[in-house]
Amino acid sequence: MRSQPRSAAADALTRTAGWAAVFVVLAVSGWLVGSVLGHGLQEVSWSFLTSEPLDAGRNGGIGTVLVSTALVLSVCLGIAVPLGVGAAVWLSEFARPSSRPVALIRRSLDLLASVPSIVFGLFGMVVFCQELRLGFSIAAGGLTLACMILPLVVQTTFAGLRSVPDELRLGAAALAISRSTALRHLLLPAALHGVVVGVMLGLGRAAAETAALIFTSGYVTRMPESLLDSGRTVSVHIYDLAMNVPGGEARAYASAAVLLCLLLIVNVAAAVLADRWLRHQTARVS
Amino acid sequence: MIESLSNPLLSANAQGWSLCRGGCAVMCAVLAVTFLSGCGAEPDSQAVVRDNGDIEPARGSGNLKLSGKLVLTGSSTVAPLAVEIAKRFETEHPDVRVDVQTGGSSRGIADALSGVADLGLASRALKKDEVEQGLVGHQLAIDGVSVIVNADNPLSSLTSGQVVQLFTGAITNWSELGGEDADVVIVNKAEGRATLEVFLNHFGLKNEQITADVVVGDNQHGIKTVAGNRLAIGYVSIGAAQSEADLGTPIRVLPVDGIELTTENVASGAFKITRPLLIVSKGEPTGLAAAFLDYAKSPQMHDLIRAQGFEAVTQ
Chain H
0 MRSQPRSAAA DALTRTAGWA AVFVVLAVSG WLVGSVLGHG LQEVSWSFLT
50 SEPLDAGRNG GIGTVLVSTA LVLSVCLGIA VPLGVGAAVW LSEFARPSSR
100 PVALIRRSLD LLASVPSIVF GLFGMVVFCQ ELRLGFSIAA GGLTLACMIL
150 PLVVQTTFAG LRSVPDELRL GAAALAISRS TALRHLLLPA ALHGVVVGVM
200 LGLGRAAAET AALIFTSGYV TRMPESLLDS GRTVSVHIYD LAMNVPGGEA
250 RAYASAAVLL CLLLIVNVAA AVLADRWLRH QTARVS
Chain X
0 MIESLSNPLL SANAQGWSLC RGGCAVMCAV LAVTFLSGCG AEPDSQAVVR
50 DNGDIEPARG SGNLKLSGKL VLTGSSTVAP LAVEIAKRFE TEHPDVRVDV
100 QTGGSSRGIA DALSGVADLG LASRALKKDE VEQGLVGHQL AIDGVSVIVN
150 ADNPLSSLTS GQVVQLFTGA ITNWSELGGE DADVVIVNKA EGRATLEVFL
200 NHFGLKNEQI TADVVVGDNQ HGIKTVAGNR LAIGYVSIGA AQSEADLGTP
250 IRVLPVDGIE LTTENVASGA FKITRPLLIV SKGEPTGLAA AFLDYAKSPQ
300 MHDLIRAQGF EAVTQ
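Chain order of the listed sequences is H and X.
In terms of numbering that gives the first Met the number 0, the first sequence has 53 at position 54, counting the first letter as 1, and numbering is strictly consecutive.
In terms of numbering that gives the first Met the number 0, the second sequence has 210 at position 211, counting the first letter as 1, and numbering is strictly consecutive.
If you're looking for bench data, these hints aren't it; they were derived computationally from the structure.
Do not rely on the hints blindly, as some may be mistaken.
[Unchecked claim] The following label-pair restraints were derived from C-beta to C-beta distances:
#1 H/Ser107 x X/Ser155: 58 to 64 Å
#2 X/Pro93 x H/Asp109: 49 to 55 Å
#3 H/Leu40 x X/Asp302: 29 to 35 Å
#4 X/Glu263 x H/Val23: 51 to 57 Å
#5 X/Val130 x H/Val267: 54 to 60 Å
#6 X/Ala211 x H/Gly203: 31 to 37 Å
#7 H/Ala207 x X/Thr90: 47 to 53 Å
#8 X/Gly227 x H/Ser97: 37 to 43 Å
#9 H/Asp109 x X/Glu175: 49 to 55 Å
#10 X/Gly160 x H/Gly203: 47 to 53 Å
#11 H/Val267 x X/Pro93: 39 to 45 Å
#12 X/Asp302 x H/Val265: 48 to 54 Å
[To be verified] If you want the footprint, here are the derived chain X segments under chain H, 3+ residues with CB under 8 Å:
#13 68-80
#14 94-106
#15 110-123
[As the list claims (entries may be wrong)] Partial list, derived from the structure: chain H residues whose beta carbon lies under 10 Å from chain X:
#16 Val43
#17 Ser44
#18 Phe47
#19 Asp109
#20 Ala112
#21 Phe122
#22 Glu166
#23 Ser229
#24 Val244
#25 Pro245
#26 Asp274
No residue lacks a Cβ here, since even glycine has one placed at the ideal position from N, Cα and C.
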């Protein structure tokens with residue numbers, strides 16, 4: 000009987016602590032977003048979004064930088080998503096989960112995911128820029144980022160696939176549905192949420208990258224004419240303006256605000272598209 | 000029973016497949032573009048430049064038709080200036096592409112030496128062994144290093160001796176120099192930064208002697224650190240210090256040995272804590288690289304040099 004009020008008090012304490020934690024997290028992220036948008040948005044205009052940087056970025060806009068960023072991220076996702084999802088499918092559905100090679104691969108993916116980005120940058124510079132002769136180029140930058148986010152995409156997709164109950168696999172097998180058919184119509188749709196989360200995390204990490212890209216896709220602000228041209232991404236531009244160009248802070252904030260808004264839009268769009276695709280898919284099967 | 004159940008699933012397959020295939024096709028296309036264009040790059044940019052190597056443009060004249068690609072890498076201090084010069088050069092020679100990459104003076108020198116870059120950018124004088132390996136430095140502009148404190152610091156000037164005492168830890172409290180009774184926060188630059196080398200050279204110090212409380216990277220990093228700590232003292236490039244102070248950032252430039260930081264004092268050589276901003280070439284440059292170098296050193300570039308906070312070299 001006596002323990003009753005004490006456990007109620009403990010519950011109240013836990014609840015309060017939980018609320019406090021949520022409040023702190025929300026406050027910090029709200030503060031961050033608010034500060035970036037507050038400092039940056041007044042500089043953002045249509046001409047800022049479409050023109051090229053002038054006077055080392057203190058004037059002009061970030062149009063060419065946005066194009067380079069889009070190209071680098073397309074190359075990155077175009078490589079990392081099919082490879083990552085493919086690898087996760089193999090690990091989860093075709094390999095024996097308890098076998099040593101699988102354990103080894105998963106362990107090395109964990110390790111790879113925690114490697115600092117600058118290491119990928121140096122790797123990319125040596126392998127893609129120098130050995131493969133891509134030079135400072137959008138292609139080299141995208142490939143470097145693809146290597147960087149690959150473990151992330153594999154891990155989240157793998158986790159998504161593993162979270163699908165085995166009953167679905169057994170049911171499919173009992174119905175003599177081939178593994179690949181089951182994969183396409185049961186397992187991948189069920190794991191889609193995980194895949195989207197993985198791709199979005201990867202995209203966020205790639206879009207935030209500066210260190211690895213300074214050495215690979217480079218610093219050039221001219222409008223890229225091909226994937227072999229060097230192109231500066233928004234994050235590199237923000238870094239340069241904030242750390243290297245006296246008087247560049249206002250434009251750094253403006254670029255950061257644009258980057259933040261774009262990531263938000265892409266995130267929401269991906270969630271909506273995945274949701275719609277899923278509904279489409281389940282509607283057809285049932 | 001099994002067949003009647005699996006059939007609707009299978010018929011759904013056919014349509015799902017096409018969606019899946021569409022996705023695959025897009026990805027294959029991205030892969031193909033990336034790698035095919037990669038193969039196209041085989042005759043690399045340097046070969047293009049070397050192909051032009053026999054073109055000797057008339058010195059200083061821009062009427063010769065130049066084409067090709069030039070790669071510059073190096074000092075993050077010089078890179079923004081080099082980008083602006085490159086842009087103006089490209090408008091005068093529409094078939095020329097000048098790519099400027101950053102990464103630090105050491106990188107610029109190494110890249111110029113290895114041939115990864117056609118020209119290197121450095122914000123310090125070349126060392127003896129670098130010259131012996133065949134590198135030539137071409138002075139583009141002058142940058143200086145100035146000592147900065149927080150705007151709340153009551154000090155108005157320092158002597159060289161006091162700077163040395165502060166940075167080596169012989170003076171640890173501002174009250175010893177007539178300031179408030181509080182510990183000095185020494186902001187030093189990271190190893191490999193050109194401003195660090197200029198500072199150490201001028202005051203005859205070694206990096207191990209400096210009792211740093213904070214180690215910073217770029218100039219802006221140094222400025223932000225000093226602006227945010229009223230007990231801090233650091234040093235940054237003069238261009239960075241002046242334009243930030245003009246913008247109202249709470250820092251103050253301290254004259255050392257009574258010599259104020261002014262563009263006149265820098266140009267006349269009275270302000271001595273300076274460093275050259277160089278374009279580095281392996282041997283004497285030829286062709287496109289030579290044309291660009293001449294252009295960069297011409298008096299028409301002085302407005303760009305001043306806009307970036309540096310001083311032009313006037314012969």
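Under a C-beta cut-off of less than 8 Å, do 3 or more residues of the segment 68-80 of chain X approach chain H closely enough to confirm the stated coverage? holds (count 6)
Does the hinted range 47 to 53 Å hold for X/Gly160 and H/Gly203 at CB? Holds, since X/Gly160 and H/Gly203 (Cβ atoms, about 52 Å apart) stay within the stated range.
Interface hint compliance - H/Pro245 to chain X, C-beta minimum distance less than 10 Å: holds, 4 Å
When the least beta-carbon distance from H/Ser229 to chain X is tested against 10 Å, hint result: Since the shortest Cβ distance to chain X is 5 Å, the answer is holds.
Hint validity - H/Phe47 Cβ closer than 10 Å to any chain X Cβ: Violated: closest Cβ of chain X sits about 18 Å from H/Phe47, beyond 10 Å.
Grab the minimum C-beta distance from H/Asp109 to chain X and call the hint holds if it beats 10 Å, violated otherwise. With a minimum Cβ separation of about 26 Å from chain X (threshold 10 Å), the hint on H/Asp109 is violated.
Against the range 51 to 57 Å, how does the distance between the Cβ atoms of X/Glu263 and H/Val23 compare: consistent or not? holds, 53 Å
With respect to the beta-carbon atoms only, verify the hint that H/Asp109 and X/Glu175 lie 49 to 55 Å apart. Given range 49 to 55 Å: holds, Cβ gap about 53 Å.
Beta-carbon spacing of H/Ala207 to X/Thr90 - inside the hinted bounds 47 to 53 Å or not: violated, 33 Å
State, for the Cβ atoms of X/Pro93 and H/Asp109, whether the hinted interval 49 to 55 Å holds or is violated. For H/Asp109 against X/Pro93, whose Cβ atoms are near 51 Å apart, the range 49 to 55 Å holds.
Taking the least C-beta to C-beta distance, is H/Glu166 closer than 10 Å to chain X? violated, 16 Å
Tell me if the interface restraint on H/Val244 is satisfied: Cβ within less than 10 Å of some Cβ in chain X. Status holds, d = 6 Å.
In summary, the structure is inconsistent with hints 7, 8, 12, 15, 16, 17, 18, 19, 20, 21, 22, 26 from the numbered list given earlier, while agreeing with the others.
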